[in-house]
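Undergrad: So the chains spell out like this:
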Amino acid sequence: MKTKLTTLALGAVMAAGPAMADLVFPSLSYRTGPYAAGGIPFADGYADYFTLLNERDGGIGGVMTSVPECETGYNTEKGVECYEATKGEGALVYQPLSTGITYQLIPKATADDIPIHSMGYGRTSAKNGDVFSHVFNYPANYWDGASGAVNYLLDENGGDLNGKKIALVYHNSAYGKEPIRTLEELSEKHGFELVALPVDHPGQEQKSQWLQIRRDKPDYVLMWGWGVMNQVAVQEAANIRFPMENFIGIWWSGAEHDVTPAGDAANGYKALTFHNVGTDFPVFDDIQKYVVDTGKAAGAGDQVGTVLYNRGLYAAMLAAEAAKKAQEIHGTAEITPAQMRDGMEALEITEAKMAELGLPNFGPTFSVNCQNHGGDALVGVTQWDAASKTWSMISDFKPTDGDVIGPLIDADSSAYAGENNISPNC
Amino acid sequence: MLEQLVFAMEVILNGLMAGVLYALVALGFVLIFKASGIFNYAQGVMALFAAMTLVGIMNGQVPFSHLINAIFGAHITHFGWQVPAIIAILLTMAVMVLLAWCVQQFVMRHLVNQEPIILFMATIGLAYFLEGVADLMWGSEIKSLDVGLPQGINLWIDETTFNIFGYGFFIDNLDIVATAVAALLVVALVAFSQYTKEGRAMRAVADDHQAALSVGISLNFIWVMVWSVAGFVALVAGIMWGTKSGVQFSLSLIALKALPVLMLGGFTSIPGAIVGGLIIGVGEKLFEFAIGPLVGGATENWFAYVLALVFLVFRPQGLFGEKIIERV
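These protein sequence lines map, in sequence, to chains G and E. The first sequence begins at 1 in our numbering and counts up one residue at a time. The second sequence begins at 427 in our numbering and counts up one residue at a time.
Since the hints were made in silico from the structure, they are not lab data. Heads up, a few of these hints could be off.
Some chain E residues judged to face chain G by a derived CB distance under 7 Å, without partners named [stated by the list, open to error]: (1) S566; (2) I568; (3) G578; (4) N580; (5) F675; (6) S676; (7) K711; (8) E714; (9) A724; (10) P742; (11) Q743.
Even for Gly, the Cβ is constructed at its ideal location relative to N, Cα and C.
My request is simple: use the sequences and hints to build the entire structure.
TA: If you want it as C-alpha cells, here you go:
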C-alpha cells in the first residue's frame, strides 16, 4: 500500500510539473487589472515566439521550451509570489514586467542564481554588470530613453536646443521620476529649460498639468506615463491643441491603445522605441503558419503585430538567443539558470543574426559583456498615423549620450554596491 | 500679478468643471447610502461595467466571446452590426436594471437587517465579481467611446475671455456637457425623491426599514429601484469619464475621487454631493496652481483627502449630512 501511494505521489508530481528536459521561461503576465491592455499583448508575443520555436524548430538546441504563466495583475506582492511559485520549475530567466517587481527580485534572484531581464524598465543602473551580476536591461534603459528623446530633438533643431523649453509630464512614481536626473544633466549640457510636471496615480485627472502647459507654452513635451495616464494625456494635449508632433512618449506610452481613444486628434504623436513595429518581417509569416493557423496562439491570437506584442516577441527572441549562446558555451542543451546567465552575458545581436531569425532591422545591434549588461543603448522613434491606425519608425536606432549616462550609472550602482556590500563581479 | 489672477480664474473654472465630474460619481454612492445605509464599494466598478456594456452594444460585440471561443473552438467576436448610441444607452440601462435585480435577488435580500459592515463587505465582493464579469463579457482591451459628445476647447469662451482679459480661457466642451447633465440629474433626482410616491417610499425605507415594511412598502422593489437609479448614475459617469480616457479598467478607480467628495458633502445629501464635488474640484486645482510648484506638484489627491479629513474632524456628518444622535 505504502509503495503504491509513493508511486502514485511520484506520478502526480511528474505529471504536474514540466518535463525535466524542458527549457523553462516563466511569464509573469498581467492579463487582468488596470494594466491588462498592455499586459495581454506582451504575454501573447512572449508565448507565441516560444511556441513557434517548438513547432518549427523542435525547441532550442533540440530541447522543447515551456512558458508557465503566472498572473501578477501588475502587483508587486503577487509578482514576488509568482517568482517563488515558479522558480522551482527550473526557470531560466525572469522578465518581471514591472519596475516594482524587478526591484524586489534583484536580491532574491541574485541569491538564487537566476538571471533577470528587465528590458526597457527596472533599475537603470543594473546596466553595470560589475555590481548587478544577475540583472540585464539590454538593449536600452530609461536613461537611454531620456537621452534618445533629447538627441532626436537635437536632430530636429539642427543640433541646438539652446533656449528651448521642454516639459516632462511624468507618472508620480519611482518609474516616472527615472528620467529626471538625466534630463537635468542634459538640460545643462544643451541649454534647454526643463519643466517637470508630475501626475498622480492613476492619471485620470490631468487638467492642472495641461493648463500649465497651455500657459507656459513649452516647445516640446516628453511623457513618462503608463496605463490610463497615457490615454488621458494624449486627449488633453489634443484638447489644448498642443502640436502632436512635438509630444514624445517613452516606449511604455507608445502602444495602439494609448492613442486610439483620442481618435484623429492623436495623429502625429511620437514615442521612443527599442524595437520595430508592424508585421512586415518574415518571422510573422511563420507565426501565422505555425502558431496562429494551428490554433496554438496565446490568448485570442488577435494581438499579433501590435507594439506590445512585438515587444513580447522581441524579449522572447533575446531570451532564446541567450539560451542558444549558453548551450554553445557550456556544450549542453539542457542548461541551468546559471548557465543561462552566462549566455546572456555573452549575447551578441548582429544584423546578420536578426535577418537569419526573420527579423531584419527589427531591433538595434548590440553586444553584452560582464561590465555592460545594458547593450549599446540605441534608441529609435516611432510616430502614430491616426488614419491608417499604424505606428511607423521615423528614426533609426541611434546612439544615446554615454558621456552623461555613464557617470550616472556608475554613481547609482556604486551606491547600491556600498549599501549591499557587493564586491565587483568582473 | 494680474496675469496670475487671470490664470487663477481659469483654474477655478476648470476646478468647478472637474468637481462636477467627481460629483457624478459621488451621486451614485449617496443614492444607495440614503436608501439602504449601504456604502456601495462597487459604485466605481458599476460605472466601468455600464460603460463597457454600452461600448460593447454599440460595437455589436458578442458578450463572453472569449469564453465561447475557448469552449467551443469558435472564432466569433462581433455580430457585424453597429447600434446607434441612444438605443445602446437604453439597452445598457436595461442591463443595469437587470444587474440591480440580480444584486437584490442574490445578495442584498439575504442580508436584510445585517450590520452595515456586513453589507459593506458584500459590496466589496460584488465589486470584484463585477470586475471579473465585465472583463469576461467584453474583454480587457481599451475601447473608444463616442456617443457624440463634443470634446476640446470651447472657442466661444476662449475668444470672449481673450477679448476681456487678453488671455483665452481653456474650458473643455465635454466638461460643459457634464455640468449640464449633472444639473439635470440632480434636479430629476431631488424631484423624484420629494414628489413621487416611489421617491417618498425610498425615503421611508431609508429612515427605517421595519417601519416602512409595516406600512406595506416593498423593500425588494425599493432596493431594486435604488440600485437601478445608481446604475443609471454610474452609466452617466461612465460615459463622461470613458469619453475622456477610453473605456478601460481604470474607470473603476474614479471612486477614489468620490470619497473625499462624500466626506465633505455628507453621505446622505444629493445637493451635498454636488457642493462637495465643487469644493474639492476648485480646492485641489487652486492648491496645485498656487502651492504645487513650491512642493514639487502632484498635490491634488493629497489635498482632496486632507480637506476631507479636516471636515471629518470638525463636521463628521459632512456639510449637508444628517447629524446622527444615538441615545443609550
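Undergrad: List, from low to high, the hint numbers that the structure doesn't satisfy.
TA: Violated hints (numbers, rising): 4, 10 and 11; every other hint is consistent with the structure.
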